Amino acid sequence: MGIRRRDFLKSAGLAAASLGLPRLARGADTASIYDIERFGNARILHITDTHAQLNPVYFREPSVNIGIGEMAGRPPHLVGRAFLERFGIRSDSADAYAFTCFEFEKSAGRFGKLGGFAHLKTLIDRLRGDVGAKHSLLVDGGDLWQGTGLANVMQGRDMVEVANLLDIEAMTGHWEFTYGEQVLRDNLERFKGEFLAQNVFLTEEAAFNDAPAFDKASGRVFKPSVIKELGGHRVAIVGQAFPYVPIAHPKRFTPDWTFGIREEELQKHVDALRATEKVDAVILLSHNGMDVDLKLASRVTGIDVILGGHTHDAVPQPIAVKNAGGTTLVTNAGSNGKFLAVLDLAIGKGKVSDIRYHLLPVFSELLKPDPGMAELIGRLRAPHVSDWSEKITTPDRLLYRRGNFSGPVDELICTALRSELDAEIALSPGFRWGVTALSGQALTMEDLLAETAITYPETYVQEMTGAQIKDVLEDICDNLFNADPYYQQGGDMVRAGGFSYTCTPEAAIGGRISELKLNGGKALGASHRYKVAGWASVNRQQGAPVWDVVGKYLRSGRMFQERLGSGVTLKGVEGNPGIAGQG
Amino acid sequence: MTTTTGPHPTRRLILLGAASVALIGLGNLPFAARPASAAANDKYPEEAFKQKSEADAIKALYGRTAEPSDKVKLDAPEIAENGGVVPVSVTTTLDKVTSISFFVAENPYALAASYRIADGTIPGVANRLKMAKTTKLVAIVEADGKLYSATKEVKVTVGGCGG
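Residue numbers (the numbering used here), protein chains in the order written: chain A, 1065 to 1647; chain B, 249 to 411.
No wet-lab data here; the hints were simulated from the structure. As the structure is a computational prediction, the values presented were derived from the model and not from experiment. You may find that some hints are simply not true.
What the hints assert, rightly or not - List time: in silico BS3-like cross-link candidates among lysine-lysine, alpha-carbon distance up to 30 Å:
1) 400(B) with 1386(A)
2) 1332(A) with 321(B)
3) 344(B) with 1315(A)
4) 1534(A) with 300(B)
5) 1534(A) with 378(B)
6) 378(B) with 1280(A)
7) 1386(A) with 394(B)
8) 1332(A) with 300(B)
9) 1581(A) with 381(B)
10) 1534(A) with 384(B)
11) 1534(A) with 319(B)
12) 1315(A) with 394(B)
13) 1595(A) with 381(B)
14) 319(B) with 1635(A)
15) 1280(A) with 400(B)
16) 319(B) with 1315(A)
17) 319(B) with 394(B)
18) 1386(A) with 319(B)
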């Protein structure tokens, strides 16, 4: 720890102070980076999209995260140097390593892993202790129960235990829904906090059949909000689940429920909280994704702060958005347990007068793991960990997933699918979770599961024409780059294996994808049929789980073949600060 | 509250409030009794249902064009959970409403349904429409002899790959 401690020392007292950003004006002592000046009378701690990563992880932030139209060049669509400049972070600092992809491999050796729930617990307890009882609240923005092999076999039960020990008081959901209604309800029985979702309703058929709901009159399946007493004031936390669960995932998991952004229902609910419940502050705990939240903040009035997640954007400062009723602050708190958001509020009668916001990187080497949580994690992992500790390969390069178009993890998955399933073309979903593995370090089955553990992992092989492949790409690309955020789903582009293409993000649907070519250089024929392998289909499939297919390929000693890089040529976005390299 | 009036689930008519509205659509015969103030869609609008584009269908149904109005509230999902049954509804604060119609621009035939609103009825209609692909959805309210419209894009997607 000696060398690392020195590195943290050097990087403290950041240049950022020149911009007067309080969160970056840290003292020279490493331990003191978590000393936060007291402010206001209520503290809300927010974690989101931890993806069940119980232990500390490496996670490289994206080098491609393009914003289109009004979002171009605005947070969260800044990467690398552009991000550092926008937020006044010194390029050789620990913060640069935590928040961006800048010189990731070099810095990973200096600053180590981030996150881990035992480390998070130490930090959370300390920050709650700092403000005293009845002045703090811990909330989780969802994607807590999915992302590891353990969470997958335990169907999220492990994370419910962890959440209870951590004392998460309210959460909303996304991947939580992919375990299906029964498992979700069983888990929520055990969960001591509140599961909140104002935007999940019974379908009319389910309502007619008297399916269970929190409120039969409105059809709301879950409690929309909870009111907490904080610092002597009434604070409402409203839950907003991921709006597109039955579209992004197989509908069979949630057949009775219908989702959506539900702006109008949200407005009515917020108005009622203000008028009837006389709350002093309204916080939206959102899994919309940051672009959707920014638009929503401009249209819905009466919300003080949106604590956001889903798009995994680690944004150091809230973005202020004006609307007809005043201003709403929008945040996004990163992913994989890398960050803890601290929102300090000065609340008066019916009003938030000021706030301070800190998005703290959870540097595992600076935090002593909480013994109770470490024991629980050990106990939860014990029955499975030996099965998954076998080394299956040693990567010869950095493996990461996150990026709008591609990353080495998905290139590897596509290569394995094509090879094992004897297909010309492979498609792999553009998930944003999945951790980073360093070059030269053993990769285990547990690591592979952290890239693939979902409830619909079955692989498939099917014939598709060139025109169908283009249509699929166009469709998914529109979910990423539609100029209207309400039409975006918050994932990245489907990963292409065995072929390359040109993408023009600013075009309209139908016009973004061109020049599809097989790896050999031959153009895809519109009516020619290709053998396509893939996984994570929203339709039911029968093939072996993707982790077995990729595991088999890696165990044979093979890694990458042919080309490196995304295989995607970008057009019309030259100079966009959401691009800093491949990915 | 839910009444099925047609043979197809996509043509179900849901009555909002206690009022009643008449459905004029495929497989439904027009009501025999009509108020004297019957509008342009007085008889079964066979020609309108044959039109491919929404502009032609509007012209065939009403014989004129509509002006966009924020008094027409069209509710539909941004992204459909199932393109086969997309829930859409229209309410309006306009007075003297005589008809409400839905047009799905990208469907093979754009006119999806047209409702006559009887005198003294709350002007609100909800139904389920089938949408072949991502499309512009147009709702038209005929009120006091004039046409008002609201438009919304509804995305029909193959799904998958959500974060």
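Each hint, compared with the structure:
no.	hint	result
1	400(B) with 1386(A)	24 Å, holds
2	1332(A) with 321(B)	16 Å, holds
3	344(B) with 1315(A)	42 Å, violated
4	1534(A) with 300(B)	26 Å, holds
5	1534(A) with 378(B)	24 Å, holds
6	378(B) with 1280(A)	27 Å, holds
7	1386(A) with 394(B)	36 Å, violated
8	1332(A) with 300(B)	39 Å, violated
9	1581(A) with 381(B)	26 Å, holds
10	1534(A) with 384(B)	22 Å, holds
11	1534(A) with 319(B)	40 Å, violated
12	1315(A) with 394(B)	42 Å, violated
13	1595(A) with 381(B)	25 Å, holds
14	319(B) with 1635(A)	41 Å, violated
15	1280(A) with 400(B)	29 Å, holds
16	319(B) with 1315(A)	35 Å, violated
17	319(B) with 394(B)	13 Å, holds
18	1386(A) with 319(B)	24 Å, holds
The structure fails hints 3, 7, 8, 11, 12, 14, 16 (numbered hints given earlier, in ascending order).
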